[in-house]
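Given the coordinates of chain A, assemble chain B onto it according to the supplied hints.
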Amino acid sequence: MARFQCTVKIIAGQTHGHRSVALLDYPLPHVNAIECFENLNVDNDRYHRKSFDMWLGNHHRPRRYHGWNRSEHGGKYTKCYVFKHVDEAERFYGFLCHIKDGHPAHETCVLVLRAEKKTWKADTTELERANDMRTNAYVLAALGDPKLFTEGEVTYTWLT
Amino acid sequence: MANVTHWTERSPNDFLYSIASDFVDQLQDRMAALSMNQSELAKAASVTKGYVSRMFRNPGNLSLITMIRFARIVGMKLSIVGYEDVSDPNNTRGPISADVFRKTWEDAGRPADMWAFEVKTVKQTGPILDCTTFQRGWVLGLESYEQTAGSGRALNQTSNGVMRHPSDLGSIQQVSRTSKKIGGLEVRQNG
Numbered sequence: 010m011a012r013f014q015c016t017v018k019i020i021a022g023q024t025h026g027h028r029s030v031a032l033l034d035y036p037l038p039h040v041n042a043i044e045c046f047e048n049l050n051v052d053n054d055r056y057h058r059k060s061f062d063m064w065l066g067n068h069h070r071p072r073r074y075h076g077w078n079r080s081e082h083g084g085k086y087t088k089c090y091v092f093k094h095v096d097e098a099e100r101f102y103g104f105l106c107h108i109k110d111g112h113p114a115h116e117t118c119v120l121v122l123r124a125e126k127k128t129w130k131a132d133t134t135e136l137e138r139a140n141d142m143r144t145n146a147y148v149l150a151a152l153g154d155p156k157l158f159t160e161g162e163v164t165y166t167w168l169t
Numbered sequence: 028m029a030n031v032t033h034w035t036e037r038s039p040n041d042f043l044y045s046i047a048s049d050f051v052d053q054l055q056d057r058m059a060a061l062s063m064n065q066s067e068l069a070k071a072a073s074v075t076k077g078y079v080s081r082m083f084r085n086p087g088n089l090s091l092i093t094m095i096r097f098a099r100i101v102g103m104k105l106s107i108v109g110y111e112d113v114s115d116p117n118n119t120r121g122p123i124s125a126d127v128f129r130k131t132w133e134d135a136g137r138p139a140d141m142w143a144f145e146v147k148t149v150k151q152t153g154p155i156l157d158c159t160t161f162q163r164g165w166v167l168g169l170e171s172y173e174q175t176a177g178s179g180r181a182l183n184q185t186s187n188g189v190m191r192h193p194s195d196l197g198s199i200q201q202v203s204r205t206s207k208k209i210g211g212l213e214v215r216q217n218g
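Top to bottom, those sequences are chains A and B. If you want our numbering, it's the 1-based position in the first sequence plus 9. If you want our numbering, it's the 1-based position in the second sequence plus 27.
Chain A extracted, bound-state conformation (with noise of 0.2 Å):
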């Protein structure tokens, strides 16, 4: 019998009223955006939470972060998001979610993996894998938690 765990953290807007920021971590190879996250330096870390800052303020600096919209993909990933740190060719991945209890109208981006990325051409592969953590059960019975917001972490371990 094997177990594995799955993590969601919240990482920016615990308290916020409109937005957080949350990172997941899951036992498929490319979901690292924990383990990543927590490995960045001190300039990457500070620049990557200055941007998390902006959109839960609501400030439009796409060249910091985006989503993408329904003439992109033929609309397939209206619910992924990106925050990019464009001089390190650094992305973390993730999709938006509205999973805070009691708020329907709070949205959670919740990160899923790290990428480099060196050109402006479209990859799908990123997308279609955060976009896949975002249907998986075991991720939405963690994001469904109601301790994610109010311990900021929670862990969900399962024997299969």
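No lab work stands behind these hints: they were computed from the structure. Check the hints yourself; a few may be wrong.
[What the hints assert, rightly or not] Now the in silico label distances, taken between C-beta atoms and shown as ranges: (1) B/36 <-> A/67: 19 to 25 Å; (2) A/107 <-> B/141: 42 to 48 Å; (3) A/149 <-> B/59: 35 to 41 Å.
[What the hints assert, rightly or not] A few chain B residues that don't get close to chain A, going by computed Cβ distances all over 12 Å: (4) 67; (5) 72; (6) 73; (7) 74; (8) 90; (9) 96; (10) 101; (11) 107; (12) 109; (13) 113; (14) 133.
Backbone N, C-alpha and C define an ideal beta-carbon position, used for all residues, glycine too.
What follows is chain B alone, placed relative to chain A:
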């Protein structure tokens, strides 16, 4: 509820990074508006392009004198604003963005000094007549509004208590310089 502290509370250098990032974002916005690239900015500042690139990449190393220097090159001014965030004394949400202060200042009509906030009240003395759509010439009106002295900011309420639309404020501000009372009617000259 877990004790939530914002990342800028970790150290003064984190706080500095955050507010310096606001400046760099504003500088980049201004450069975009001027169609100026990093090379042109570097040339205007007599520094290398690498210097500008490093500045954008790591704003935490910016000094105040450097910020002023680059701000003036793109025609911006710089202010340091200290404020008490009474709703967040423990800094759980970080500093208020410089964009918030900038936009608030712009929305207030870009006041140049404290005269714009000095309020005096003129009492209503007669029937209500209000004009808001003029651009120049003489205006008749009967007053019971809060009026700012100097550059005039607060002519936002008509004599019958109806708030004027903000889009009218631009023309309203222009008429507050000259006014006199003639038999209960206030006559103002657009200014």
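Hint check results:
For the pair residue 36 of chain B and residue 67 of chain A, the supplied restraint of 19 to 25 Å holds, since their beta-carbon distance comes to about 22 Å. The hint said 42 to 48 Å for the Cβ distance between residue 107 of chain A and residue 141 of chain B, and at roughly 44 Å that hint holds. Range check, residue 149 of chain A to residue 59 of chain B: Cβ separation about 40 Å, and the 35 to 41 Å hint holds. Residue placement check: residue 67 of chain B keeps its beta carbon more than 12 Å from all beta carbons of chain A (closest about 18 Å).
Non-interface call for residue 72 of chain B relative to chain A: holds, since the shortest CB-CB distance, roughly 19 Å, exceeds 12 Å. Under the 12 Å C-beta cut-off, the non-interface status given to residue 73 of chain B relative to chain A holds; the minimum distance is some 23 Å. With a cut of 12 Å on Cβ distances, residue 74 of chain B stays outside the contact zone with chain A, its closest approach being about 18 Å. Distance to chain A confirms residue 90 of chain B as a non-interface residue, since its nearest Cβ pair spans about 17 Å, more than 12 Å.
Every Cβ of chain A is farther than 12 Å from the Cβ of residue 96 of chain B; the closest lies at roughly 22 Å, confirming the non-interface assignment. Distance to chain A confirms residue 101 of chain B as a non-interface residue, since its nearest Cβ pair spans about 17 Å, more than 12 Å. Distance to chain A confirms residue 107 of chain B as a non-interface residue, since its nearest Cβ pair spans about 19 Å, more than 12 Å. Distance to chain A confirms residue 109 of chain B as a non-interface residue, since its nearest Cβ pair spans about 19 Å, more than 12 Å.
Residue 113 of chain B, annotated as away from the interface, keeps every beta carbon of chain A farther than 12 Å; the closest lies near 16 Å. No beta-carbon of chain A comes within 12 Å of the beta-carbon of residue 133 of chain B; the shortest separation is about 15 Å.
Against the hints set out earlier in the document, no violation occurs for any number.
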